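*Asks:* Sequence:
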Amino acid sequence: VFGASLSKSATSAVDQAVSADLIITNSSQSQPGISNAIAPLVAKVPGVTVTDTAYSGQVQIADSLENVTAIGTSNLPQTVIVRMRSGSASSLAAGDLLVDTTTASAKHLAVGSTLAVKYAKTGVVDMRVGGIYAANALLGSYLVSDSFFLSHFDQPLPFGVLARTTGPGLEQSRSEEHTSELQSHHD
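Residue numbers (the working numbering): 127 to 313.
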């Protein structure tokens, strides 16, 4: 049910996007998302030093539906590689939106630009572009903080948990030891 992989054995795109050692996702296409109980369980696994929970949801920007990704800001540098081209990733904590370079170029956006972003739960929110980052396979085109995201979506399920571990990563046997516990919270 769950796929846990070392970023070192993942594809080049993921290697360029993630600094975490483990990525825990739901491998089932019929049930998107994972239980909110997974991140606290992963954090308790011996050897895990940092976790971050990633979310994704749809918003309306101008006349099109777009995906927005959200991730925590306190552990961001330890779990995700964000190559800022302008602005600052720390602006996420202030409720700003980060945009990838491709989208910024296509939509003529710069740091300080404002976008009207419509959320199903809260309606239209004028969001300031706080930074522009290089393309990242995990983050997609738009990024917000998890706290901002959670205040604008009704009970979203995370799409993954990213974890840093001590040393070169968890031993396979230790990882397998905790898989059944994680699966029991998903079923």
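Among the hints, erroneous ones may be present.
[What the hints assert, rightly or not] Okay, derived cross-link-like pairs now, DMTMM-like style, lysine to aspartate or glutamate, Cα gap no bigger than 25 Å in a straight line:
#1 Lys-233 / Asp-189
#2 Lys-233 / Glu-192
#3 Lys-244 / Asp-189
#4 Lys-170 / Asp-189
#5 Lys-233 / Asp-280
#6 Lys-170 / Asp-226
#7 Lys-170 / Glu-192
[Unchecked claim] Estimated spans, in silico, between C-beta atoms of each pair:
#8 His-234 / Gln-204: 16 to 26 Å
#9 Ala-163 / Arg-209: 42 to 52 Å
#10 Lys-244 / Thr-292: 24 to 34 Å
#11 Gly-173 / Ser-231: 16 to 26 Å
Note that these hints are calculated values from the structure, not bench results.
Owing to the predicted nature of the structure, the values given are computational and were not obtained by experimental measurement.
Yeah, the Cβ is synthetic: ideal placement off N, Cα and C, and Gly gets one too.
*Asks:* Decide, hint by hint, whether the structure agrees.
*Replies:* Against the structure, the hints:
{"no.": "1", "hint": "Lys-233 / Asp-189", "in the structure": "holds (13 Å)"}
{"no.": "2", "hint": "Lys-233 / Glu-192", "in the structure": "holds (13 Å)"}
{"no.": "3", "hint": "Lys-244 / Asp-189", "in the structure": "holds (10 Å)"}
{"no.": "4", "hint": "Lys-170 / Asp-189", "in the structure": "violated (43 Å)"}
{"no.": "5", "hint": "Lys-233 / Asp-280", "in the structure": "violated (28 Å)"}
{"no.": "6", "hint": "Lys-170 / Asp-226", "in the structure": "violated (33 Å)"}
{"no.": "7", "hint": "Lys-170 / Glu-192", "in the structure": "violated (34 Å)"}
{"no.": "8", "hint": "His-234 / Gln-204: 16 to 26 Å", "in the structure": "violated (33 Å)"}
{"no.": "9", "hint": "Ala-163 / Arg-209: 42 to 52 Å", "in the structure": "violated (32 Å)"}
{"no.": "10", "hint": "Lys-244 / Thr-292: 24 to 34 Å", "in the structure": "violated (43 Å)"}
{"no.": "11", "hint": "Gly-173 / Ser-231: 16 to 26 Å", "in the structure": "violated (41 Å)"}
Of the numbered hints stated above, those contradicted by the structure are hints 4, 5, 6, 7, 8, 9, 10 and 11, listed in ascending order.
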